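S.K.: Here is how the chains run, residue by residue.
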Amino acid sequence: MRTWQEETVVYNDLSGDTHLLGAPATTLLTLLRAGRASSAVLGAALCSAFALTPGEELDGDLDELLGQLRSFGLVDGPCWVRPC
Amino acid sequence: MSAPAPASTLTVAQLSAADLRARLRGPGLRLRTGPFVLALRSTIAEVADGVTLMYADYPVLGPEHFADFHINMAEATGWHRWVRPQVHFLPDGEAPFQPLPRHHAFPLFEWSFNWCISGRAHDWLILHAAVVEKDGCAAILPAPPGSGKSTLCAGLAHRGWRLLSDELTMISLTDGLITPVPRPISLKNASLDVMRAYVPGAVFSKSVNDTSKGVVTLMKPPAASVARAHELARPAWVVFPQYVAGAAASLSPVAPARAFMQLAENSFNYNVLGAAGFDAMTGLVERSSSYQFTYSVLDEAIAVFDALPRPAR
Chain A
1 MRTWQEETVV YNDLSGDTHL LGAPATTLLT LLRAGRASSA VLGAALCSAF
51 ALTPGEELDG DLDELLGQLR SFGLVDGPCW VRPC
Chain B
1001 MSAPAPASTL TVAQLSAADL RARLRGPGLR LRTGPFVLAL RSTIAEVADG
1051 VTLMYADYPV LGPEHFADFH INMAEATGWH RWVRPQVHFL PDGEAPFQPL
1101 PRHHAFPLFE WSFNWCISGR AHDWLILHAA VVEKDGCAAI LPAPPGSGKS
1151 TLCAGLAHRG WRLLSDELTM ISLTDGLITP VPRPISLKNA SLDVMRAYVP
1201 GAVFSKSVND TSKGVVTLMK PPAASVARAH ELARPAWVVF PQYVAGAAAS
1251 LSPVAPARAF MQLAENSFNY NVLGAAGFDA MTGLVERSSS YQFTYSVLDE
1301 AIAVFDALPR PAR
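Which chain is which? The protein sequence lines are A and B, in order.
Counting in our numbering, the first sequence runs from 1 upward without gaps.
Counting in our numbering, the second sequence runs from 1001 upward without gaps.
Extracted from the complex, chain A is given alone in its bound form:
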């Protein structure tokens, strides 16, 4: 994974694919590489990094970003947890 000017290219050595990620997806991927994280933790990280406000819109964006990372094969299985 290499980052230049807030954009990241990441090589997936399982699929052989290379992906271009923006800063928010990179933030999530970096956190999830360290281990499972709750959606609250992930959302808080995005809020802190990008001066966002918690709420439904952020939750929707978070779901979309995580879905993209999962479709790329960069995160696997339920690596994030939603509170009940």
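These are calculated hints, taken from the structure and not from any lab test.
What you are looking at is a predicted structure, and each value in this text was computed from that prediction instead of being measured.
In this text, a Cβ means the ideal position worked out from N, Cα and C, and glycines have one as well.
You can trust all of the hints, since none of them are fake.
Label pairs and their in silico Cβ distance ranges:
hint : chain 1 : residue 1 : chain 2 : residue 2 : range
1    : B       : E1064     : A       : S15       : 43 to 49 Å
2    : A       : E56       : B       : T1174     : 50 to 56 Å
3    : B       : G1160     : A       : D13       : 38 to 44 Å
4    : A       : D76       : B       : D1306     : 49 to 55 Å
5    : B       : A1224     : A       : D13       : 39 to 45 Å
6    : B       : S1250     : A       : D13       : 36 to 42 Å
7    : B       : W1115     : A       : G73       : 28 to 34 Å
8    : B       : A1275     : A       : A34       : 18 to 24 Å
9    : A       : G73       : B       : A1247     : 38 to 44 Å
10   : A       : A34       : B       : L1251     : 36 to 42 Å
Here are some chain B residues pointing at chain A (derived, C-beta under 7 Å):
hint : residue
11   : A1255
12   : P1256
13   : M1261
14   : A1264
15   : A1275
16   : T1282
Chain B: place on chain A using the hints.
M.R.: Chain B only, in chain A's frame:
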């Protein structure tokens, strides 16, 4: 950044016509092109004529030398030897493609040789890009067909830049330097008239009119570029060119990550190399400044290249 200069060797221009044809018809004419030795066999006059003209300055080796590639440009047998005669491209005795009309033989040889290198030379990350060098710094011009890449490359090669290749940029996986493979420059359609006017006295092959790419003509590479093919080059700039009729020359930066992805799309073997390709491409992007470039007038384009900011050492 150089391998030792090769000892003085025999060149194609020094062979008699009879000797050239005997080598082509017999054990193969062994040509050194950059890091590769090609053993070329053919009984077709168009191939012999094309080699005589376009490869005049290239070193010739004896039949005992190892060859990286063995290509036979073979006349079709049977009916198509006489009726609508055809030529087969046969690398290592195989026939990967359908035959073409015989008068396409020399352009087919050039495309086929590119196919051999790009499909097999996996010690390098290979980009579909022209590459030229000046004062130790190389400018890589990745672009799909129709972008004006070869015309711009030909112009630069005749205005103070050294031609490293007009089609294959070869980046070493071990040190990130560029290995030259200077070869004839393939010009299509109206580019021939542009280059005839721009480089009076340049040597061109016979045009072939009815190829899938239109009219194709080859331009002999500068002798100095062939003589310096052993000199490696350091990448400094990646310039994505686009010819637009009437446009003023315009250079705009491309963000590194986006340049990475565009370069990967313009690579013959990035996907084959896996992590090694990713690392080589990362190195290239980190060493280079990347730009999008639009142009219409060659002199303006060359002035822009001459003014590219040199990298800090």
